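S.K.: In our numbering, the protein residues as written are 1 to 171.
Where hints are given, some of them may not hold.
Below, computed lysine-lysine pairings styled on DSS-like, alpha-carbon distance capped at 30 Å [what the hints assert, rightly or not]:
{"id": "1", "residue 1": "Lys67", "residue 2": "Lys24"}
{"id": "2", "residue 1": "Lys68", "residue 2": "Lys24"}
{"id": "3", "residue 1": "Lys24", "residue 2": "Lys65"}
Each pair of labels, with its calculated beta carbon distance range [stated by the list, open to error]:
{"id": "4", "residue 1": "Val30", "residue 2": "Ser50", "range": "36 to 44 Å"}
{"id": "5", "residue 1": "Glu71", "residue 2": "Pro157", "range": "21 to 29 Å"}
{"id": "6", "residue 1": "Ser125", "residue 2": "His72", "range": "33 to 41 Å"}
{"id": "7", "residue 1": "Val30", "residue 2": "Thr161", "range": "16 to 24 Å"}
{"id": "8", "residue 1": "Ala47", "residue 2": "Lys68", "range": "46 to 54 Å"}
{"id": "9", "residue 1": "Glu142", "residue 2": "Ala98", "range": "33 to 41 Å"}
{"id": "10", "residue 1": "Glu71", "residue 2": "Thr4", "range": "42 to 50 Å"}
Hints in this document: simulated from the structure, not taken from any laboratory. Just so we're clear, the structure is a prediction, and the values are computed from it rather than from any experiment. Heads up, the beta-carbon is just placed ideally off N, CA and C, and yes, glycines get one too.
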Amino acid sequence: MTVTVETGLWQLDPSASTVAVRHKSVWGLVTVRGTFTGVTGRGEVAAGGSATGTLVIDAATLDTKNKKRDEHLRSADFFDAAHHPEITFEVRDARRDADGTVRVDGRLTVRGVTRPQEITARLASADADGLTLETEFTVTREEFGVAFNQMRMMGGPTTVTAALRFTRAAA
Numbered sequence: 001m002t003v004t005v006e007t008g009l010w011q012l013d014p015s016a017s018t019v020a021v022r023h024k025s026v027w028g029l030v031t032v033r034g035t036f037t038g039v040t041g042r043g044e045v046a047a048g049g050s051a052t053g054t055l056v057i058d059a060a061t062l063d064t065k066n067k068k069r070d071e072h073l074r075s076a077d078f079f080d081a082a083h084h085p086e087i088t089f090e091v092r093d094a095r096r097d098a099d100g101t102v103r104v105d106g107r108l109t110v111r112g113v114t115r116p117q118e119i120t121a122r123l124a125s126a127d128a129d130g131l132t133l134e135t136e137f138t139v140t141r142e143e144f145g146v147a148f149n150q151m152r153m154m155g156g157p158t159t160v161t162a163a164l165r166f167t168r169a170a171a
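From just these sequences and the hints, can you work out the full model?
M.R.: In structure tokens:
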């Protein structure tokens with residue numbers, strides 16, 4: 001069954017959305033998991049079905065359930081939230097494939113460094129009240145200037161997962 005997504009403006013519902021990260025630490029023996037609690041965004045679906053938009057994450061809202069670690073992740077060693085308070089994902093083009101996946105051509109900005117980022121999302125649900133997109137992709141943190149790696153304990157990519165609920169924006 002093909003689900004039709006209406007054209008127009010869509011607003012992210014932060015209370016029904018999550019953006020999380022996980023990264024192997026301690027030489028791959030421990031996985032650090034965290035969730036960003038400050039996420040906003042909006043998008044626009046064009047008549048042809050393509051979409052554009054922006055997701056903004058408050059870098060200081062990363063919560064790993066460890067206050068000391070969270071403070072370190074917000075520091076200049078990692079996100080440098082004092083100087084770069086926002087992480088943004090700009091969707092330049094998103095199109096649904098015949099298999100129902102959504103191919104997203106975007107630009108991810110972390111610590112003031114912007115890189116192209118292509119991801120695949122899944123339209124998890126769509127109804128009269130809104131739509132939910134889900135995705136998981138990896139990021140090489142060093143490409144964004146996040147190079148802190150005491151005793152070479154933190155190798156490999158960071159995995160980002162997101163479940164984003166959008167509702168129709170008021171006209």
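S.K.: Starting from the range 21 to 29 Å, see whether the pair glutamate 71 and proline 157 falls in it by beta-carbon distance.
M.R.: 24 Å, holds
S.K.: So does alanine 47 sit 46 to 54 Å from lysine 68, Cβ to Cβ?
M.R.: Because 51 Å falls inside the window, the suggested range holds.
S.K.: What's the verdict on lysine 68 and lysine 24, does the C-alpha distance respect the 30 Å limit or exceed it?
M.R.: 18 Å, holds
S.K.: Does the Cβ-Cβ separation between glutamate 71 and threonine 4 fall within 42 to 50 Å?
M.R.: 46 Å, holds
S.K.: Taking 36 to 44 Å as the hint, is the beta-carbon distance of valine 30 and serine 50 inside that range?
M.R.: About 41 Å separates the Cβ atoms of valine 30 and serine 50, which means 36 to 44 Å holds.
S.K.: Is it true that valine 30 and threonine 161 lie within 16 to 24 Å of each other by Cβ?
M.R.: With a Cβ separation near 18 Å, valine 30 and threonine 161 satisfy 16 to 24 Å, so the hint holds.
S.K.: Per the hint of 33 to 41 Å, is the separation of the Cβ atoms of glutamate 142 and alanine 98 within bounds?
M.R.: Taking Cβ atoms as reference, glutamate 142 and alanine 98 lie about 36 Å apart, which means the hint holds.
S.K.: Taken at face value, is the distance from the CA of lysine 24 to the CA of lysine 67 at most 30 Å?
M.R.: 19 Å, holds
S.K.: Are the Cα atoms of lysine 24 and lysine 65 separated by 30 Å or less?
M.R.: It holds: about 16 Å lies between the C-alpha atoms, which stays within 30 Å.
S.K.: For the hint 33 to 41 Å, verify it against the beta carbon of serine 125 and that of histidine 72.
M.R.: Holds, since serine 125 and histidine 72 (Cβ atoms, about 37 Å apart) stay within the stated range.
Going through the hint list in order, the structure satisfies each hint without exception.
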